[in-house]
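There are 2 protein chains.
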Amino acid sequence: MKIGILGTGVVGQTIAEKLVQLGHSIMMGTRDKKSTLAKTGKDNFGRPSFSEWLRNNSKVQFGTYSEAASFGEFLVNATSGMGSIEALKMAGENNLANKVLLDISNPLDFSKGMPPTLTVCNTDSLAEQIQRTFPKSKVVKGLNTLTAMLMVNPGLLSESTNIFLNGNDSNAKSEVKKLLKTFGWNENDIIDMGDITTARGTEQILPIWVRLWGTLQTPMFNFKIVVGK
Amino acid sequence: MKIGILGTGVVGQTIAEKLVQLGHSIMMGTRDKKSTLAKTGKDNFGRPSFSEWLRNNSKVQFGTYSEAASFGEFLVNATSGMGSIEALKMAGENNLANKVLLDISNPLDFSKGMPPTLTVCNTDSLAEQIQRTFPKSKVVKGLNTLTAMLMVNPGLLSESTNIFLNGNDSNAKSEVKKLLKTFGWNENDIIDMGDITTARGTEQILPIWVRLWGTLQTPMFNFKIVVGK
Chain V
1 MKIGILGTGV
11 VGQTIAEKLV
21 QLGHSIMMGT
31 RDKKSTLAKT
41 GKDNFGRPSF
51 SEWLRNNSKV
61 QFGTYSEAAS
71 FGEFLVNATS
81 GMGSIEALKM
91 AGENNLANKV
101 LLDISNPLDF
111 SKGMPPTLTV
121 CNTDSLAEQI
131 QRTFPKSKVV
141 KGLNTLTAML
151 MVNPGLLSES
161 TNIFLNGNDS
171 NAKSEVKKLL
181 KTFGWNENDI
191 IDMGDITTAR
201 GTEQILPIWV
211 RLWGTLQTPM
221 FNFKIVVGK
Chain H
1001 MKIGILGTGV
1011 VGQTIAEKLV
1021 QLGHSIMMGT
1031 RDKKSTLAKT
1041 GKDNFGRPSF
1051 SEWLRNNSKV
1061 QFGTYSEAAS
1071 FGEFLVNATS
1081 GMGSIEALKM
1091 AGENNLANKV
1101 LLDISNPLDF
1111 SKGMPPTLTV
1121 CNTDSLAEQI
1131 QRTFPKSKVV
1141 KGLNTLTAML
1151 MVNPGLLSES
1161 TNIFLNGNDS
1171 NAKSEVKKLL
1181 KTFGWNENDI
1191 IDMGDITTAR
1201 GTEQILPIWV
1211 RLWGTLQTPM
1221 FNFKIVVGK
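Going line by line, the protein sequences match chains V and H.
So the first sequence is numbered by our numbering: it starts at 1 and just counts up by one.
So the second sequence is numbered by our numbering: it starts at 1001 and just counts up by one.
FYI, nobody ran anything at the bench for these hints, they're computed from the structure.
Only a predicted model underlies this, so the values are computations on that prediction, with no experimental measurement involved.
Do not take every clue at face value.
[What the hints assert, rightly or not] Cβ-Cβ distance ranges computed for the label pairs, FRET-style:
| hint | chain 1 | residue 1 | chain 2 | residue 2 | range |
| --- | --- | --- | --- | --- | --- |
| 1 | V | Val-227 | H | Pro-1048 | 23 to 33 angstroms |
| 2 | H | Asn-1186 | V | Lys-136 | 43 to 53 angstroms |
| 3 | H | Ala-1097 | V | Asn-153 | 20 to 30 angstroms |
| 4 | V | Lys-136 | H | Glu-1093 | 48 to 58 angstroms |
[Claimed, not checked] Covered stretches of chain V, as calculated for chain H (at least 3 residues, CB under 8 angstroms):
| hint | segment |
| --- | --- |
| 5 | 136-143 |
| 6 | 189-195 |
| 7 | 212-220 |
Each residue gets a CB set at the ideal place from its N, CA and C atoms; glycine is no exception.
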């Protein structure tokens, strides 16, 4: 499958590596190619610069948001939440139309330090804002509730855990589910929460996720929903 | 221990039954004794009226918010979140002072139908509002992330799960932890998240909890935090 990934951070990179392993054709998109490539040295998480990463992942094509969105038959929003709507506008409404958009972004505002706050919550969500802004796109919220390494390696945890899908289009959710199963997720571990408004719940998990990260001193954890005997 | 429970709904009743079983002396408090006793018939969940429940739980004493708060050396806020601050004001600042207040309430507004919205979130929480309003009280948020039956019977689930404590006073959290262990919770299942501001995270779990209730068609579930191998 030809997949366009918007965003060149750790989430975009991790998803891209996995998709290349799985044999997909990948183009990653950014706002401004030159300035993204110009960054050198380690990032805040001690990871190599994007340009270094790109040299080590030579099968990944690199373009603008618009080029990546045009390239992909299936799209992934891996931009940071505060910039997602703008990035998607730059990608272009027509390039998003009639395509599945797996939205991994979270509306986290780190500008006032830790812990981050949400830029939208309670009666709305970023996923809904994206779906409203691009009504022809098939937005599926998913994978936003765990760290990137676990998104593509659920088996790194000591037990099976859960992820959540939110979206209005059942076929789009099925497509996402099919892809996630190739990442190692079991059918039963993927919970279809319902329409896009249910993304309010999954996005509002982030505040406890961030605090658990601090308490557990590792991002390598996930939620499991345990039911009655 | 003498324990005062504010609120006569399903949470208050379930906690009271367990505490009586464990040998504690319980007084439940309400806004207006007469009107609470005057309600007859089943409630919205098909449960018997409070007056019928009280006849079947004759060891439980019954008083006003103020009487119950004065009675208890340890207090439980089991009122509905939208009325909690007012209920606690009626309980009386002096009756709350220097006591642990286990706050189980959630700031859920059901007035516009399902799903409920939060009356406070993101940059504040109900637990923080309570702690600010009653600075001499030792507020510990806890047990607000699962259904009442499971609060006092964690073994009804197929695996051990997690609950979260949020509060500024370490000794108060230790007291709550000790009580929760008598409910059947294991030491390791109770996660101390940190100070009272971490209650933002646990209260904001409710939107996904409510949606999972709909998706799973049962409230008999809980979150388990699974970590790396």
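Cross-check of the supplied hints:
At roughly 27 angstroms, the beta-carbon separation of Val-227(V) and Pro-1048(H) lies within the given 23 to 33 angstroms, and the hint holds. For Asn-1186(H) and Lys-136(V), the Cβ-Cβ distance of about 50 angstroms falls inside the hinted range of 43 to 53 angstroms, so the restraint holds. For the hinted restraint 20 to 30 angstroms between Ala-1097(H) and Asn-153(V), the CB-CB distance of approximately 51 angstroms leaves it violated. At about 57 angstroms, the CB distance of Lys-136(V) to Glu-1093(H) agrees with the hint of 48 to 58 angstroms.
Counting residues of the segment 136-143 of chain V whose C-beta lies closer than 8 angstroms to any C-beta of chain H gives 0; at least three are required, and the coverage claim is violated. Figure legend: the segment 189-195 of chain V, annotated as covered by chain H; annotation consistent (4 residues with Cβ-Cβ distances under 8 angstroms, at least 3 required). Counting residues of the segment 212-220 of chain V whose CB falls under 8 angstroms from any CB of chain H gives 6; the rule of at least 3 is met.
The structure does not agree with the numbered hints 3, 5 stated previously, though it agrees with the rest.
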